[in-house]
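Participant: Given next are the chains, with one letter for each unit.
2 protein chains.
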Amino acid sequence: MTGKIVGNNRFLKEFNQTAILDMIRVHRAISRAELSKLTGLSPTAIGSIVSELLEIGYISETGIGESKGGRRPVLIEIKPESLYTIGIDMDVNYISFVLMDTTSRIIEEKMLTMPKTIIFENVMKVIQKEIKRILKDHSITLERLLGIGLSVPGMVDSLEGKVIFAPNMGWENVDIRGQFPDLKGVNVYVENEAMASAISENWIGTCQGISNFVCVNIKSGIGSGIFIDGKPYRGTSGITGELGHMVVDSNGSKCRCGNYGCLETIASTTHMVEQAKRLVKSGIASKLNDIEDVEEIDAKSIIDCAREGDEVSRNILLESARFLGLAVSSIVNILSPQKIVLGKDFVNYSDIVLDSLKEIVMCKALKQTSKDIEITESKLGERASVLGSAIIPLKVFFGK
Amino acid sequence: MTGKIVGNNRFLKEFNQTAILDMIRVHRAISRAELSKLTGLSPTAIGSIVSELLEIGYISETGIGESKGGRRPVLIEIKPESLYTIGIDMDVNYISFVLMDTTSRIIEEKMLTMPKTIIFENVMKVIQKEIKRILKDHSITLERLLGIGLSVPGMVDSLEGKVIFAPNMGWENVDIRGQFPDLKGVNVYVENEAMASAISENWIGTCQGISNFVCVNIKSGIGSGIFIDGKPYRGTSGITGELGHMVVDSNGSKCRCGNYGCLETIASTTHMVEQAKRLVKSGIASKLNDIEDVEEIDAKSIIDCAREGDEVSRNILLESARFLGLAVSSIVNILSPQKIVLGKDFVNYSDIVLDSLKEIVMCKALKQTSKDIEITESKLGERASVLGSAIIPLKVFFGK
Numbered sequence: 002m003t004g005k006i007v008g009n010n011r012f013l014k015e016f017n018q019t020a021i022l023d024m025i026r027v028h029r030a031i032s033r034a035e036l037s038k039l040t041g042l043s044p045t046a047i048g049s050i051v052s053e054l055l056e057i058g059y060i061s062e063t064g065i066g067e068s069k070g071g072r073r074p075v076l077i078e079i080k081p082e083s084l085y086t087i088g089i090d091m092d093v094n095y096i097s098f099v100l101m102d103t104t105s106r107i108i109e110e111k112m113l114t115m116p117k118t119i120i121f122e123n124v125m126k127v128i129q130k131e132i133k134r135i136l137k138d139h140s141i142t143l144e145r146l147l148g149i150g151l152s153v154p155g156m157v158d159s160l161e162g163k164v165i166f167a168p169n170m171g172w173e174n175v176d177i178r179g180q181f182p183d184l185k186g187v188n189v190y191v192e193n194e195a196m197a198s199a200i201s202e203n204w205i206g207t208c209q210g211i212s213n214f215v216c217v218n219i220k221s222g223i224g225s226g227i228f229i230d231g232k233p234y235r236g237t238s239g240i241t242g243e244l245g246h247m248v249v250d251s252n253g254s255k256c257r258c259g260n261y262g263c264l265e266t267i268a269s270t271t272h273m274v275e276q277a278k279r280l281v282k283s284g285i286a287s288k289l290n291d292i293e294d295v296e297e298i299d300a301k302s303i304i305d306c307a308r309e310g311d312e313v314s315r316n317i318l319l320e321s322a323r324f325l326g327l328a329v330s331s332i333v334n335i336l337s338p339q340k341i342v343l344g345k346d347f348v349n350y351s352d353i354v355l356d357s358l359k360e361i362v363m364c365k366a367l368k369q370t371s372k373d374i375e376i377t378e379s380k381l382g383e384r385a386s387v388l389g390s391a392i393i394p395l396k397v398f399f400g401k
Numbered sequence: 002m003t004g005k006i007v008g009n010n011r012f013l014k015e016f017n018q019t020a021i022l023d024m025i026r027v028h029r030a031i032s033r034a035e036l037s038k039l040t041g042l043s044p045t046a047i048g049s050i051v052s053e054l055l056e057i058g059y060i061s062e063t064g065i066g067e068s069k070g071g072r073r074p075v076l077i078e079i080k081p082e083s084l085y086t087i088g089i090d091m092d093v094n095y096i097s098f099v100l101m102d103t104t105s106r107i108i109e110e111k112m113l114t115m116p117k118t119i120i121f122e123n124v125m126k127v128i129q130k131e132i133k134r135i136l137k138d139h140s141i142t143l144e145r146l147l148g149i150g151l152s153v154p155g156m157v158d159s160l161e162g163k164v165i166f167a168p169n170m171g172w173e174n175v176d177i178r179g180q181f182p183d184l185k186g187v188n189v190y191v192e193n194e195a196m197a198s199a200i201s202e203n204w205i206g207t208c209q210g211i212s213n214f215v216c217v218n219i220k221s222g223i224g225s226g227i228f229i230d231g232k233p234y235r236g237t238s239g240i241t242g243e244l245g246h247m248v249v250d251s252n253g254s255k256c257r258c259g260n261y262g263c264l265e266t267i268a269s270t271t272h273m274v275e276q277a278k279r280l281v282k283s284g285i286a287s288k289l290n291d292i293e294d295v296e297e298i299d300a301k302s303i304i305d306c307a308r309e310g311d312e313v314s315r316n317i318l319l320e321s322a323r324f325l326g327l328a329v330s331s332i333v334n335i336l337s338p339q340k341i342v343l344g345k346d347f348v349n350y351s352d353i354v355l356d357s358l359k360e361i362v363m364c365k366a367l368k369q370t371s372k373d374i375e376i377t378e379s380k381l382g383e384r385a386s387v388l389g390s391a392i393i394p395l396k397v398f399f400g401k
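As given, the protein sequences belong to chains A and B, one line each in that order.
Convert by adding 1 to the 1-based position in the first sequence; the result is the number in the working numbering.
Convert by adding 1 to the 1-based position in the second sequence; the result is the number in the working numbering.
Chain A on its own, in the form it takes in the complex (with noise of 0.2 Å):
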């Protein structure tokens, strides 16, 4: 009521172009005289916009839909590898690649190991070659690239696409978006990795028309990402979901943020690859004696003896959770959310905790607030970041 909207056609035709190409998406196929009804647009006015988003390559006519009498009418499809964005996550150990289109297609997957001393420039180095590999192997030009979206582990202003601070990478303050010169007119976008997982679940994952959910992923540290009322909750600092550092143990040991007893540093995967480690130096008897230098004990390691039956590495894990839980139910007695969605490391050894921790947040949140809760781990693995980073182009592009 405050303001009327001043009639610009330019900007109407970009709206309704955006809005169709939304629903072709969200339809997979679909006529003309569907998007007719739907948008209320008139047939003539659609037969314009198909067209012109058929000329300019962003869709494609694709078969024959059902007759509901009269001719059999086209449908319309966004067009496979057309146009592409490409995603990236990192953590300490690994920098993940993928290559989508805009029907989120994955193009190409990639994983390359970390280089030891993680040093900011040396990573974007990193990605600076492969992005112009996979451009090249591709055969794509940087007009057909949408954009490029980065997760980092550690909290980001994602407006101006930096990394305030990112403490397991050891990197404060570093423009990411300023890193690539030579991607001329191509959006890059930075992001939280548990945000980023966030987006991929809401996309394409198990949080697909879900409003409210949090994405907890447990790695080198922990973080969360929040939906709310179907977007990204990015709170005033534009920093939310840092569950990590919810103080689960007033009487715990120091964490890397400088407080003490926060969930990190009893529930993520450092510390239960640390708390190993401890165990086999004091001569615990365990499957972990087993592996030759204590230095090699890493999380698949701790898994991998659980799986063979050894109570200790299982109780590393099960403690884990047991924190992890009592974290969520606090989440789920704030929050309230449909969903809660555990990804990142935690889907390498879910079947051996889920149910426990389930157990923990029926029996710690109110009744009233997590009946109807549904806790899962992600479907999407260990991918869920990168291609939520892929993603975030395309929503971008779909005007979401």
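Calculated directly from the structure, the hints in this document are not laboratory data.
The model shown is predicted, which means the values in this text are computed figures rather than measured ones.
Where chains are identical, the list cannot tell them apart; a pair therefore holds if satisfied intra-copy or between any two copies.
Derived pair list, reagent style DSS-like, types lysine-lysine, alpha-carbon separation capped at 25 Å:
(1) K137 <-> K126
(2) K372 <-> K232
(3) K340 <-> K232
(4) K401 <-> K232
(5) K255 <-> K368
(6) K80 <-> K137
(7) K372 <-> K359
(8) K372 <-> K163
With the hints as your guide, set chain B onto chain A.
Facilitator: Showing chain B alone in chain A's frame:
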């Protein structure tokens, strides 16, 4: 894009009326010309709506504004004492009433002591009687009563007007809306007391114009009301902000909810009073011993003794604030709100503990999520919930 608004003159007219009413409320006094400018509606349309609103007595002409060339314009305002709402707030020891008009002016305010045995039917009888008395004393007909809002310390189904569970009151699954058959045509709203506080802070208090904030109320229990994107956040179950049941001490004592170490068991007024009685009984030297009957010790006694320099009493308050600070830090790390408002009993001792609580949050929350946070006591004091209850029907009236 998915549908057209079907022309419906009556609907559009009501929509415009409500929007114009709200604009008059926000501007306090405004001319027809300004209304036309701000809404984009023609002077003729505005003239017609304003005439109708004048006729039904929702607004009145109030004076002459500044001239911007030409005749000085007549200003319009919301008509005081034309339409009313009644707000009611209750806890284990009181029932509060407020009569408010559409200008948010408080016409009458009254607090009754809660009947010793909090039987639901008895409480409702007291409320029914008091509502009748208020209407009679102020000669208000039911046609001029916009609605009644009731706030309860517990979980409510605000859509159905029911209390789901109010452990401190001993109420479970009670229908409040159905208790007012005499008030035909009057809307009855039921709200959680912390959410009611948040509503009043947003309408007339310290959170006007703020999108993301949390009101934390400390009293017999601890609850919070969360606003996200300028509106109450209700999650999937309708029950959110249950901060009192955040586990802050996994080895803590048993809570009414069945869980252990909930914030409520350490930081509520109930806990502080129990703690004080325990200390007196154990013979620890403090001013609290001067109170003749240990069972007479209440929150006020502790606060009074603390003010008189009693360290034991002071420590009870500070220890409560310390754990409250821990829980608030978690809220800040997860939601990064712009403001945290601490209310109800807290306002009676905030001068003693607020600085210390702020320090804890600054130390325990991540500096990135807390950098712009404002933590403050409620300026509406213990009245926030009862005022918020009266405001609920106002919000509906003004289309908010």
